[in-house]
Amino acid sequence: MRKRVGVFVCECGTNIAATVNTEKVAEYASTLPGVAYATTYKYMCSDPGQELIRASIAEHELEQVVVASCSPRMHENTFRRAVEAGGINPYMFEMVNIREQNSWVHHDKQLATSKAMDLVRMAVSKVLKNQPLQKSTIPITKKAMVIGGGIAGMQAALDIAEAGYQVILLEREASIGGKMAQLDKTFPTMDCAA
Amino acid sequence: MVAAAQHPNIELMTYAEVKKVSGYIGNFTVSVRKKAKYVDWDLCTGCGTCIEKCPTKKIKDEFNLGIGLRTAIHKLFPQAVPGKPYIDAESCRKLTQDKCGVCEKVCPTKAINFNDKDEMVDIEVGAIVMATGYDLFKWEEVYGEYGYGKYPDVISGLHFERLVSAGGPTGGKIVRPSDGKEPKSVAFIKCVGSRDDTKGKSYCSRACCMYTAKHAYQVKDKIADSEAYVFYMDVRTAGKNYEEFYQRALNAGAKYIRGRVSKIYPRGDKLVLKSEDTLLGMPIEVEADLVVLATAMVPSAGAVDLAKAIGFSVDKDGFYQEAHPKLQPMETFAAGVYLAGACQGPKDIPDTVAQASGAAVKVCGLFSKPELATDPMTSVVDATKCSGCGLCVPICPYGAISLKERKERGGHGQGPFIRQVAEVNSSLCQGCGACVPACRTMALNLKGFTDEQLVAEVDALCL
Chain U
0 MRKRVGVFVC ECGTNIAATV NTEKVAEYAS TLPGVAYATT YKYMCSDPGQ
50 ELIRASIAEH ELEQVVVASC SPRMHENTFR RAVEAGGINP YMFEMVNIRE
100 QNSWVHHDKQ LATSKAMDLV RMAVSKVLKN QPLQKSTIPI TKKAMVIGGG
150 IAGMQAALDI AEAGYQVILL EREASIGGKM AQLDKTFPTM DCAA
Chain C
0 MVAAAQHPNI ELMTYAEVKK VSGYIGNFTV SVRKKAKYVD WDLCTGCGTC
50 IEKCPTKKIK DEFNLGIGLR TAIHKLFPQA VPGKPYIDAE SCRKLTQDKC
100 GVCEKVCPTK AINFNDKDEM VDIEVGAIVM ATGYDLFKWE EVYGEYGYGK
150 YPDVISGLHF ERLVSAGGPT GGKIVRPSDG KEPKSVAFIK CVGSRDDTKG
200 KSYCSRACCM YTAKHAYQVK DKIADSEAYV FYMDVRTAGK NYEEFYQRAL
250 NAGAKYIRGR VSKIYPRGDK LVLKSEDTLL GMPIEVEADL VVLATAMVPS
300 AGAVDLAKAI GFSVDKDGFY QEAHPKLQPM ETFAAGVYLA GACQGPKDIP
350 DTVAQASGAA VKVCGLFSKP ELATDPMTSV VDATKCSGCG LCVPICPYGA
400 ISLKERKERG GHGQGPFIRQ VAEVNSSLCQ GCGACVPACR TMALNLKGFT
450 DEQLVAEVDA LCL
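In the order they appear, the protein sequences are chains U and C.
Using numbering that gives the first Met the number 0, count along the first sequence one by one with no gaps and you end on 193.
Using numbering that gives the first Met the number 0, count along the second sequence one by one with no gaps and you end on 462.
Excised from the complex, chain C in its bound form (with noise of 0.2 Å):
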C-alpha cells in the first residue's frame, strides 16, 4: 500500500468514483467524482485528534465488518493510506443537525471544511486497467437453513479474518460476537453459494478451499484445546505449496467431514450443525460455538454498470469478460481497457498479482509505441447520399457515428444551406458493419467489405 502511495508515478485518488467514459484506445476521457470528504487533505497531517474528540462514537465499524464502533469522522482503518480521515457526512451532526463541530475546533491546521461539496473531474488517460475485484455472496438472504443471518455466531469468512486479525478490533483475539468468549469448538462450512445451482453461482470461487485450510489451522494454533470441523465437498488445492498447507492444517489436528450442512440450529448457547458424513455413509451432529461461512465470490456492487459506462461486456455471473478464454486473459472486447484481479473471475491473491502484472505489460506495450496504427476496415460516410436520418447512430454498438452540420452549397435559385450528415470516429469503428444495413440510402459503407464487393461475391456464386 505505502509502495504505491510512495511512487513518485503514481497519483493516489481515493473516495473517487468514475461516473463516465468517452474516447477510445490510447485517448479516454474518463469524468470522476471526487466525493467531499470535509477534511482538507492538504492540509491535514493525520495527526488525528479529531477522531479521538468526535462525540459520535457509536457507528457500527463497517471495515470491521460490524465488530466495535467508529467515530463519525474517521480513518477507514488505522494504517489506511492516504493516513488521512474523513468525515461520514451520514452520522456527522455538524453535517445532519447543525450541532457539534468539534473536530473543527480542535484540528490544529483548520483542515476541516464542513462546506466540501463533491468534484466532478475530467481525466485524460490512453489506457484504462479495471480492478474493480469482488464482494461477497448475500448468504443471509437465501440460506434459510443457516439461520439467514440471525444466529450471531454463524460468521463469514472475512468477518473471521477481522477476528483473527492482530490489528482488528479484538487485537486477534477469536471471540464469538454473541457473547465474546472464546470459541472452544469452531465449524467452518464450505461453498456456501458457490457450486450450488438452486441457491447461489454455479462456479467455484476457488480461495475458499485454501483460506478455510487456513483458517482451521489458526483456531488450532491460536485456542488451546480447541476442535476445528469443517465440512466440505471437494478439497481443491491446485496451486503452488496448497497440497502441503492443507496437510498442515490436518496435521495440526483440524478434522475435515466431507458433507453438506443441512441445517444449524441453536442448542443452550451452541449451534448444531446437522450433516450427513458421507464417507462414513451415516447422519452426524456436530456442536459449535462458532461457525464460519465461506461464502462465494460474486462481482464487486456496480462493476456491471461501469462496464456499461465503458462499453465491455460481462459474463452470465457479471465477471468482467475477457477477449479470449486463453490468449487474452488480460483484455476485454474494448480495445485499451484491461483486467486485472477477481473483477474478472474468482481468483486469490497470486493469480490476482500474476494478472495484474500482465494488465500492466499490456499497457507498457501499447504506450511504447509512439502511435497507433488503426484497422482501416471502417465504415465511411458518402455525404452526398447521407439524408441525415440519424438511423446508423444508436445501432452502432461502439458509439463511434455522430451527426455534424455540412455545408451545402445548394443550387435551383437556393443559397447556401446547413444540413447534417453522418460521420464515423475511424479511432472508435471497429469495423463491424452493422451500420450498414441500416442506412436507408445506402451512403455507409464498410472499407473492404463494400456494397460492390459484396456483390461481385453474389454473382459469382448465383450467375
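So here's chain U without its partners, still in its complex pose (with noise of 0.2 Å):
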C-alpha cells in the first residue's frame, strides 16, 4: 500500500481555531513522511466539510486519511463514511481530537498548537500501519423474549408482535398484568387499569 496519507484540520468554528492555529497544524503536517496533502476547514463534519474529503481522496489519490477535530464519540462514524464515499477503506483512517482533548482545556495558543501538531504526527504515523478490515456479519433470530408480562412487558410484545415477529412474554407470576392488574383506576384520566 503507498503512504499516500491526507490531512484534514477542523476549525470548529472557533471551537478549536480560537485556541489551536489550525492554519499552522495543516502546515506542519504536509511536512510529515508520507502526508501527500493537509488542509483545513471550518466544520469538517458538514456536508461540504466531508464532500472535500471526499474530493481530496480522488484529486490527490489519498490512502489513508487523518481527520483532527472532535472527539471520536462524536464524528468517528461520519468521516469513516465519508472516506469510504471516498473510495477507500473506512478503516484506512484515524481521527484526532484537538477539541475536547486540547482546545477546550488549554488556554495557551501556543502550547494548543504545538500538542495538536503532536497529536497530529501520532496519528500520521498509526494510520500508515492500519490495515484494510472488513465487516462481518452474523445472522439474526427473528423471535423475540420479553422478560415481565406487566404494562411494560405487554406493551413491548403487542408492538412488536403486531410488526409481524414472533415474541415470547415471560412473567414470573401464573398471569401476566403485573403490579397494572392491583391498580383501581389510573389517574390522570381515571380510567380502569384492567
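Derived from the structure by calculation, the hints contain no laboratory data.
The reader is advised that the hints may include incorrect statements.
[As the list claims (entries may be wrong)] In the DSSO-like style, the derived pairs of lysine-lysine whose C-alpha atoms are separated by at most 27 Å in a straight line are:
| hint | chain 1 | residue 1 | chain 2 | residue 2 |
| --- | --- | --- | --- | --- |
| 1 | C | Lys446 | U | Lys128 |
| 2 | C | Lys368 | U | Lys141 |
| 3 | U | Lys184 | C | Lys183 |
| 4 | U | Lys141 | C | Lys183 |
| 5 | U | Lys142 | C | Lys18 |
| 6 | U | Lys142 | C | Lys19 |
Now that you have both chains on their own, put them together as the hints suggest.
Here it is, written out as C-alpha cells:
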C-alpha cells in the first residue's frame, strides 16, 4: 500500500481555531513523511466538509486519511462514511481529538498548537500501519423474548407482534398483568387499569 | 392483558423464570425454568370447580396484600390471563402431607397432576426486552416513627388500590384493615422512602404525587363527609393533564399540608399524626382513621441478579442502566438487550408505555435487517504464539474468549498432538482490548489497535 496520507484539520468554528492555529497544524502536517495533502476547513463534519474529504481522496490519490477535529465518540462514524464514499477502506482512517482533549481544556495558543501537531504526527504514524478491515455479518433469530408481563412487557410484546415478529412474553407469576393488574383506576383520566 | 394473550404472534410463558442467558445480539439462548403448576393447562378449561372445592381456604391472598383469603389451588386473581388455576405447593395438603386430593377428584377434565415437576427449556431468540418492573420500598423495616408496620391501619398505596378497586376483595369499599369500618378521615404521607437520603432513596419515585392525588380524590368521592389530608414535601405534576388532575383533587376538598410527619401513634381507635405545617410555621396534629403511605419504587426482587446473568449493568440503586441517559434510554450496554418501564427507573404508566413502544421499535429495527454487520475492530489470537494459559478468559467482560483444542503437527521426532489455544468469538467481542495486556506471549491483538500501530504512535511522540 502506498503511503499517501491526507490530513484534514477542522476549525469547528472557533471551538478549535480560537485556541489552536489550525493553519499552522496543516502546514506542519504536510511536511510529515507519507503526507500527500493537508488542509483546514471550518466544519469538517458538515456536508461540504465531508465532500472536501471525498474530493481530496480522488484528487490527491490518497490511501490513508487523518481528521483532526472533535472526539471520535462524536463523529468517527461520520468520517468513516466519508472516507468510504471517497473509495478507500473506512478503517484506513484515524481521528485526532484536538477539541475536547486540546482546545477546550487549554488557554495558551502556542502550546495548544504544538500539542495538536504532536497528536497529528502520532496519528499519521499510526495510520501508515493501518490495515484494511472488513465488517463481517452474523445471522439474526427473528424472535424476541420479553421478560416481565406487566404493562411495559405487554406493550412491548404487542408492538413487536404487531410488526409481524414472534414474541415470547415471560412472566414469573401465573398471570400476566403485573402491578398494573392490582391497580384500580389510573390518573389522570381515571380509566380502569385491568 | 387479553390482547397480549390472544395475539397470534405472542406466546405466553407464565410461572416461568429466566435462569441463564448466553449468546449475543441476534443469537441469544435463554434458559428458562417453567415452574410446576400441578395443573395441565392444555386440559384445564378454567371452570373453577377445583378452586370452589379446595378445603385449604385460609391462605393470605398475596395479590390483595393480605386482605382476604385464598385457596391452595387458585388463580392469581379472578381475571388472570391465562385464566387457569395452579397449585401453591407450599400450602397444598396433598403435596405437603399426601392428604386431601379433592381437586383431582372434582376436575372434570383430569387436568390435575400432583407429579408435575419444574421443567428447564432453552429458547433461541434474537433480542431481549427487559420489563421486570418494580417493587415497593420496605418501609416497615426502617420507618419506626410510622410504627414499623405494627399499626394495621397504616398501609401502602398499593394496599389502598386493592381496597378501592371494584374488583378487589372489598368490592371497592374503603375499609380499615383493623376493624373493617369505613374511615371518615384518611391521611396520606408522600415520599416514604423517596427523597430521603437517611432512611430511603435519594431519588423521586415520580408516580406517587399523582396516585396520592387520585387516592385523596377517591376518598372524597366515595366516602360522604370524609376528610382527606395529604402531607407533602412538594407536589410534582409534570405531565399532560396532571396539574389539572391535582387541582381536581383540591377542588374535591383534599387538604394538602406541607410538612413531613414525624410520628404516628394510636389514640383510642384512631391514629394521631404529628407534623409541622411549614407554610404556617407551626406544629400540627391530625387524627386519622386510616394512614396511606406513598412508598418508593425500588427495582423488582431478583432484577440485579438477572442483569448479571445477562451481562449488563445496573445503576447505584439497582435500576437497569441505560446506554445513554438522553439518546439511548431503551438500550443497555449489552447489544440486543433493551429496556422498558420501571426496571430502568421509577415511571408512571404513560412513560412506561412510551418506553415499551420505543424498545419494541429497537427490536423491530434489528429484525428488519437480513443480517447484522459487526464492527471489525475485535481481538484476534495468533494461535502459533498462544500458550493456552487461559489468563485472558476470565478477564474478558463479555465472555468472548474460550479455550479450544488445536491440532499441531509436531516436530523433532514428535508425532501430531493436541493443545489448547484461546479463541475469540468476534460476535461477542466488543473491542475493549482488556485481554491484550493480559496476554503474556503477545498472541492477542486488537484489530485497529495492534501493538505495531500503538508503538508507531509512541515512537512518533518520543523519538
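Right, here's what the structure says about each hint:
For the hint linking Lys446/C to Lys128/U, the alpha-carbon distance of about 11 Å falls within 27 Å, and the restraint holds. Restraint check for Lys368/C and Lys141/U: the C-alpha separation of about 10 Å stays at or below 27 Å, so the hint holds. As the CA atoms of Lys184/U and Lys183/C are separated by approximately 21 Å, the hinted pair is consistent with the 27 Å bound. Note on Lys141/U and Lys183/C: the hinted pairing is violated, with a Cα-Cα distance of about 56 Å set against a maximum of 27 Å.
For the given pair, Lys142/U sits about 19 Å from Lys18/C by alpha-carbon distance, which is consistent with the 27 Å threshold. With a CA separation close to 18 Å, the supplied pair Lys142/U and Lys19/C stays within the 27 Å bound.
Hint violations for this structure: number 4 only, all remaining hints satisfied.
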